[in-house]
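Trainee: Line order of the protein sequences matches chains G and W.
According to this note's numbering, the first sequence holds residues 245 to 556 in order.
According to this note's numbering, the second sequence holds residues 245 to 556 in order.
Some clues are possibly wrong.
Repeated chains share a single entry, so a pair holds when one copy, or any two copies, can fit it.
Straight line, CA to CA, 30 Å or less: simulated DSSO-like cross-link-like pairs of lysine-lysine [to be verified]: (1) 373 x 268; (2) 283 x 370; (3) 268 x 279; (4) 370 x 521; (5) 300 x 368; (6) 333 x 373; (7) 283 x 550; (8) 535 x 502; (9) 521 x 400; (10) 426 x 470; (11) 333 x 370; (12) 253 x 470.
Worth flagging that the hints you see were computed from the coordinates, not collected in a lab.
Protein chains: 2
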Amino acid sequence: MSLDRLIEKIEQKQNPTVAGLDPKLDYVPEFIREKCFDKYGETLKGAAKALLEFNKGLIDALYDIVPAVKPQAAYYEMYGFQGMKTLYKTQEYARSKGMYVITDGKRNDIGATMEAYATAHLGKVKVGKEEYEPFIADALTVNGYLGSDGIKPLLKMCQENDKGIFVLAKTSNPSSGELQDKTVDGVPVYELMGKMCEEWGKEVPGVYGYNGVGIVAGATYPEQIKRLREILPHTFFLIPGYGAQGASAKDIAAAFDKNGLGGIVNSSRGIMCAYQKQKCDEHEFAEAARKEAIRMRDEIMGEIGKITVSNS
Amino acid sequence: MSLDRLIEKIEQKQNPTVAGLDPKLDYVPEFIREKCFDKYGETLKGAAKALLEFNKGLIDALYDIVPAVKPQAAYYEMYGFQGMKTLYKTQEYARSKGMYVITDGKRNDIGATMEAYATAHLGKVKVGKEEYEPFIADALTVNGYLGSDGIKPLLKMCQENDKGIFVLAKTSNPSSGELQDKTVDGVPVYELMGKMCEEWGKEVPGVYGYNGVGIVAGATYPEQIKRLREILPHTFFLIPGYGAQGASAKDIAAAFDKNGLGGIVNSSRGIMCAYQKQKCDEHEFAEAARKEAIRMRDEIMGEIGKITVSNS
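Model the full assembly from the supplied sequences, consistent with the hints where possible.
Mentor: Laid out in structure tokens, this is it:
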């Protein structure tokens, strides 16, 4: 099962973190931008090529120590279809380096349309007698506001194609409570959503105690993470909000079980823009990213201790 | 304001409907598929070119009687970046024919990432000294589960670039009630979301009584549409669920005010696949789509009466 593979990679690297690849052009070192603009002009194609080269440099610097990447679809869409080509090429490169790929798209719809999203990101599409992967991912983030009609096509895809999903439960942003903390018969909406995920997950069982339907639970809300872990023993957490958004390793410790399993913590800008924060030469962006990824791993592992896969 | 322009187009054509462009390859007439496969092979490019030709044929047949198109992003993503190129080219073509373009993407995220989506679909992106429209739309559908952090970057874009958004409130699918009908202090979640939209809308005021933040309200739930219209007097409704999903013109009448304004009703498969349903020659797909669009218009106008724009 897909999340089992993620857990195994986390254990191999003793590192429950994922590098978010959310590349704005401003984040890309100037020498890469200039090279691509010289070749392709100041065009969407030039921008998309620059993002790809930046991403590849980051992946090269990270793949032996970080188990997964999480490209955020918005940053690729922002450069049009050329940007979407870079999304595909980034995913392909990450996969070739053995990394687990989580596409952060927060996709949502119903029935046949959700099947189309599932096919786009987790499946294969038929064209005449041929089949193609439109985009490449091991897992996709999705929004469950529409209820199980929006999730069922994904569960089928997860079962058939060995894929996973992460459903938004409690997001990391300041206003996430406007809806998610409202209580329904005494139960907050984020718990309600979490419980639906624990139910959906039963259809995609895993061997390490966690099922194939994970949730997104923001590091910026440690109390809610603790509560979610209590009520969702078989649900894996994708945890944004560490670093740039202000949460610390302590804040996320409650997401993890006694074996150090149960979650993966994302850092995007912290890693991508490490060379800016460390004020080093921009040619050293990849080394700076690696240094930050190691610092983050060590900080989080300091809280968790050891990660042990036990096939129970 | 963007939705004012939509309302004016609806009044000009006396037609409060939008043609959904959700093109699966199976919907495309064989003669178009064969032509494109002959030229580009059974590839994603071949598929994407076939979708584009199909869409252009539909737009040619509809633009003088239907005010808007709603391409559903999922069906373009399903054909990879080549499909996204077809999304762009479809939007560009619809705009060149004077149609209002609603991209149905149900996008959602927070802060800088939501800004990236807003830029992608409603804005312009800077590349060096140049600026480009990554995709082309007058309005975008979005999911408000993350609260106002996810909406504010869009409001800014709506104000600056004359664009609109439609936020999911009550979706048309059978399981939409799992979360949306749950009550918070006696108020269902879909109403709560609707009220947030009415508030957000105040920042993008319109001249015909409706603001720039609309909602999605499914035709399959007439009671909820009626209730939403009562409590959201300044919110415009995008109404899916008519036709293929089973709702009738009577079901949506409550969405409209005494001037016949207040909503736009979507039909996707009903129009795109009209030639299959009417069992006519596939070369006549465009004429069949036009015939169905006229039938739908007449049926809905039969309930509404007349559409009168009054600048009050």
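Trainee: Next step is simple, just say for each hint if it's right about the structure.
Mentor: Now for the hints, and whether the structure bears them out:
{"no.": "1", "hint": "373 x 268", "result": "between (38 Å within a copy, 15 Å between copies)"}
{"no.": "2", "hint": "283 x 370", "result": "between (35 Å within a copy, 18 Å between copies)"}
{"no.": "3", "hint": "268 x 279", "result": "within (17 Å within a copy, 39 Å between copies)"}
{"no.": "4", "hint": "370 x 521", "result": "between (45 Å within a copy, 23 Å between copies)"}
{"no.": "5", "hint": "300 x 368", "result": "both (24 Å within a copy, 26 Å between copies)"}
{"no.": "6", "hint": "333 x 373", "result": "both (24 Å within a copy, 26 Å between copies)"}
{"no.": "7", "hint": "283 x 550", "result": "neither (47 Å within a copy, 57 Å between copies)"}
{"no.": "8", "hint": "535 x 502", "result": "within (28 Å within a copy, 65 Å between copies)"}
{"no.": "9", "hint": "521 x 400", "result": "between (43 Å within a copy, 29 Å between copies)"}
{"no.": "10", "hint": "426 x 470", "result": "both (18 Å within a copy, 24 Å between copies)"}
{"no.": "11", "hint": "333 x 370", "result": "both (20 Å within a copy, 22 Å between copies)"}
{"no.": "12", "hint": "253 x 470", "result": "within (24 Å within a copy, 52 Å between copies)"}
Comparing the model with each earlier hint shows a violation of hint 7 alone; every other hint is respected.
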